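Protein sequence lines correspond, in order, to chains A and B.
Under my numbering, the first residue of the first sequence carries the number 7, and numbering increases by one thereafter.
Under my numbering, the first residue of the second sequence carries the number 104, and numbering increases by one thereafter.
Quick caveat, the hints were computed from the structure, so don't treat them as lab data.
Here the structure is a predicted model, which means the values were calculated and not measured.
Check before you lean on any hint, since a few could be wrong.
Calculated pairs, DSBU-like style, for lysine-lysine (alpha carbon to alpha carbon, straight line, at most 35 Å) [stated by the list, open to error]:
| no. | chain 1 | residue 1 | chain 2 | residue 2 |
| --- | --- | --- | --- | --- |
| 1 | B | K255 | A | K321 |
| 2 | B | K425 | A | K138 |
| 3 | A | K166 | B | K255 |
Computed spacing ranges between beta-carbons, pair by pair [what the hints assert, rightly or not]:
| no. | chain 1 | residue 1 | chain 2 | residue 2 | range |
| --- | --- | --- | --- | --- | --- |
| 4 | B | G177 | A | V193 | 32 to 42 Å |
| 5 | A | E320 | B | P401 | 36 to 46 Å |
| 6 | A | N254 | B | N405 | 51 to 61 Å |
| 7 | A | I183 | B | G177 | 51 to 61 Å |
| 8 | B | E154 | A | S231 | 17 to 27 Å |
| 9 | B | A348 | A | D204 | 53 to 63 Å |
| 10 | A | I183 | B | Q227 | 44 to 54 Å |
| 11 | B | P369 | A | D298 | 38 to 48 Å |
| 12 | A | G39 | B | G177 | 30 to 40 Å |
| 13 | B | N381 | A | R60 | 53 to 63 Å |
Partial pick of chain B residues on the chain A-facing surface, computed with a CB cut under 10 Å [to be verified]:
| no. | residue |
| --- | --- |
| 14 | A122 |
| 15 | N123 |
| 16 | L126 |
| 17 | G168 |
| 18 | S174 |
| 19 | R205 |
| 20 | L212 |
| 21 | T213 |
| 22 | K255 |
| 23 | K262 |
| 24 | N268 |
| 25 | E296 |
| 26 | G304 |
| 27 | P392 |
C-beta atoms are modelled at their ideal positions from N, C-alpha and C, and glycine is treated no differently.
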Amino acid sequence: MNVADKKRLLREMLFARRFEERCYEAYVERKIGGFLHLYPGEEACAHGVLEAARPGHDYVITGYRDHIHAIKCGADPKKVMAELYGRETGSSRGRGGSMHIFDVEHRFMGGYALVGGPFPLAAGMAKAIKMKGGDEIAICFLGDAANNQGTFHESLNMAKLWNLPVLYVCENNLYGIGTRIDRSTAVIDQYKRVSGYDIPSAQEDGQDIEKVFKAAKKAVNHVRSGKGPYFLELMTYRYRGHSMSDSNAYRSKNEERMWSDRDPIILLRDRLIEAGELTKADYKAMDTEILDEIEDEIIAFAESSPEPRVDEVEKYTLAENDPWVYGGGR
Amino acid sequence: MAELMYWEAIRRAHDEEMANDPLVICMGEDIGVAGGTYKATQGLYEKYGPERVMDTPISENGYTGLGIGASFLGVRPIIELMSVNFAWLALDQLFNSAAKVRYMSGGQLTAPVVVRSPGGTAHQLGAQHSARMEKVFMGIAGLRVVTPSNPKQAYGLLKSAVRCNDPVFINEHELMYNMKGEVPDAEFFHPLEGSEVAREGRDVTLFGYNISVHWCLQAAAVLSKQFGIEAEVVDLYALSPLDRAGIARSVRNTHRAVIVEEAEAPVGVGSEVMAIINEECFFELDAAPLRVSALNIPIPYNHGLEKAAIPNANDVVAAVRKMFGK
Ligand SMILES: Cc1ncc(C[n+]2csc(CCOP(=O)(O)OP(=O)(O)O)c2C)c(N)n1
Ligand SMILES: [Mg+2]
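Input sequences plus hints: build the corresponding full structure.
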């Protein structure tokens, strides 16, 4: 990772932070409805891992906390915001919402709301990659609490059994909604749980993007070289409540401060400043530019976009005019 | 035209589709080396190898999800769930992922998987091996449901299901795998929508699907011979979407309807067909429609009790006689 890369990643992470904060505001203004799960605090996970992979080429799948993964894969933030606004120009044409961002063109294969749902889907994409003989890999990002689903164990077993090119990334933010990991999970270190499937794994500091990048590079290389699945656990923390309806009352101020002291953006920023590669003024200018872009382009696009047509409410339920429905004849 | 057994017809469809497209695979418990519980995949492992004929671990939700994920990238998996009773474990992936992904991605992604599974009450298999679950599948938007009543349909429906871009659930029947029937020698694709008039008649329509079509046909023969009642039998091989037009067409013809289902009455095919008749052609009716359904109980082990729980052709005859006051 050279200096230019680091500066770019700093900007991407800051953009992700500001994007999510703006979502928060839009939700409070009731411009965004439904469940909204935000990513601040965890930026180094998605950015570090995907920087080490090939976004837009590798197939990526995740849960409901999905805006930033989609954007890092190449999704247009304008379309992501329009999706949150429920507009026809949204990435899922307003039919998906925050938890169901998709950008298949950039191989972002979706956000899914069932905890643990993407585990087998990722293994299946890896199976397809293997059959078709490509050099892509499948990458699945999920939280710590998802590992208590049966699909976790079923998928790890099959991924190893069939030697599938899939990387499982566990974003361990220590909580599943309001339940702290030690109250739901017998083994706290998640990377240890995969040893029963003989899958190589590692645990890394998820706040330091350089460390994430390095660990992910190793993981990605392993998977891409045909050696089968890999499990990477990243220790991280979400700053806000689980979703907008979560009061966040179950965590101590002390704990929150401990983590915000190791903010992924500040860590990288200060490192660049110390190295003389960035000034405080540069950073400020970067931030202002981002805030302007979000307001003038992204929010403006979402606000001015049309609603989906009500007479198209049934569209996309089933394939349209599929000849095989009629016996292939029509 | 060759006589094939139901399982042979399914096997033939697998074989042809796998030969036609290298991305067609099949997966399930004991389907490969062991050849399949009902022989529906016999010999395919030897022919196509372990990458395409996958013996899965006993992880129904896991491998169904894996098949769905593979289908996102153009693979066309035919997933066998050993019994619909075990399909409950796979419903999360089938309903939450496969059935919804097209809609919630705004049409970007589809899950062209086929899931086949036998339902029905066989011979004293007890409560946990005797479920009839078609009512569960047919209530899910985004999922097609078909159910073959004979080898020809079993062959042609699977062929079309593999090629269709929607997820399709095929509801087979444990008692029907050894049933014989004519299957055209030439390749053919059965429509996934519609219904079929299995016997023409003018006095009453008997609606059946899968095994109950045969009870209807037996009953129709008795009704004709002994009571002079000519029953039309309509085979609802497509349960989702149901053939509203076909149902209404027949009722306009006969003005009477009896719906025959192997499953319990609540929230089932019978109630749905009745609702459609009500909505489409209520004023055509000369009598209130009737249902012939299973008792609403877990299926008992004891042979006599098991028989009492499930309807048969005599029950259909009795229902029609009641309707006609004969
Ligand atoms: C199958 C299922 N059960 C419960 C929920 C409700 N739920 C949504 S997120 C969540 C916690 C998941 O925590 P984790 O996997 O650690 O991810 P995080 O939100 O912390 O990123 C729960 C219980 C759900 N969406 N799906
Ligand atoms: Mg968590």
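Holds or violated: the hint that S174 (chain B) contacts chain A, with Cβ atoms closer than 10 Å.
Check passed: Cβ of S174 (chain B) comes within 7 Å of chain A, closer than 10 Å.
E154 (chain B) paired with S231 (chain A), Cβ distance criterion 17 to 27 Å
Cβ of E154 (chain B) to Cβ of S231 (chain A): about 19 Å, so the range 17 to 27 Å holds.
With 10 Å as the cut and Cβ atoms as the points, is R205 (chain B) at the interface with chain A?
Hint holds; R205 (chain B) Cβ to chain A Cβ min 5 Å, cut 10 Å.
Can the suggested window of 30 to 40 Å be confirmed for the beta-carbon pair G39 (chain A) and G177 (chain B)?
At roughly 34 Å between Cβ atoms, G177 (chain B) and G39 (chain A) fall inside 30 to 40 Å, so the hint holds.
Given a cut of 10 Å on the nearest C-beta pair, is the interface hint for T213 (chain B) held or broken against chain A?
holds (7 Å)
Does L126 (chain B) pass the interface hint, meaning its C-beta sits closer than 10 Å to a C-beta of chain A?
With a closest approach of 7 Å, the L126 (chain B) hint holds.
Would the hint on A122 (chain B) be counted as holding, given a Cβ-Cβ threshold of 10 Å to chain A?
Since chain A brings no Cβ nearer than about 16 Å to A122 (chain B), farther than 10 Å, the hint is violated.
Assessment of proposed distance window 53 to 63 Å (beta carbons of N381 (chain B), R60 (chain A))
holds (57 Å)
That 32 to 42 Å hint for G177 (chain B) and V193 (chain A) (C-beta), does it hold up?
With a Cβ separation near 38 Å, G177 (chain B) and V193 (chain A) satisfy 32 to 42 Å, so the hint holds.
Pairwise hint evaluation, K321 (chain A) against K255 (chain B), where the allowed Cα distance is 35 Å at most:
Satisfied, since the Cα-Cα distance of roughly 32 Å is no more than 35 Å.
Does P392 (chain B) hold up as a contact with chain A if the rule is Cβ-Cβ below 10 Å?
violated (28 Å)
If you take the shortest Cβ to Cβ gap from G304 (chain B) to chain A, is it below 10 Å?
violated (25 Å)
Of the hints listed earlier, those the structure fails to meet are numbers 2, 3, 7, 11, 14, 15, 22, 26 and 27, in rising order.
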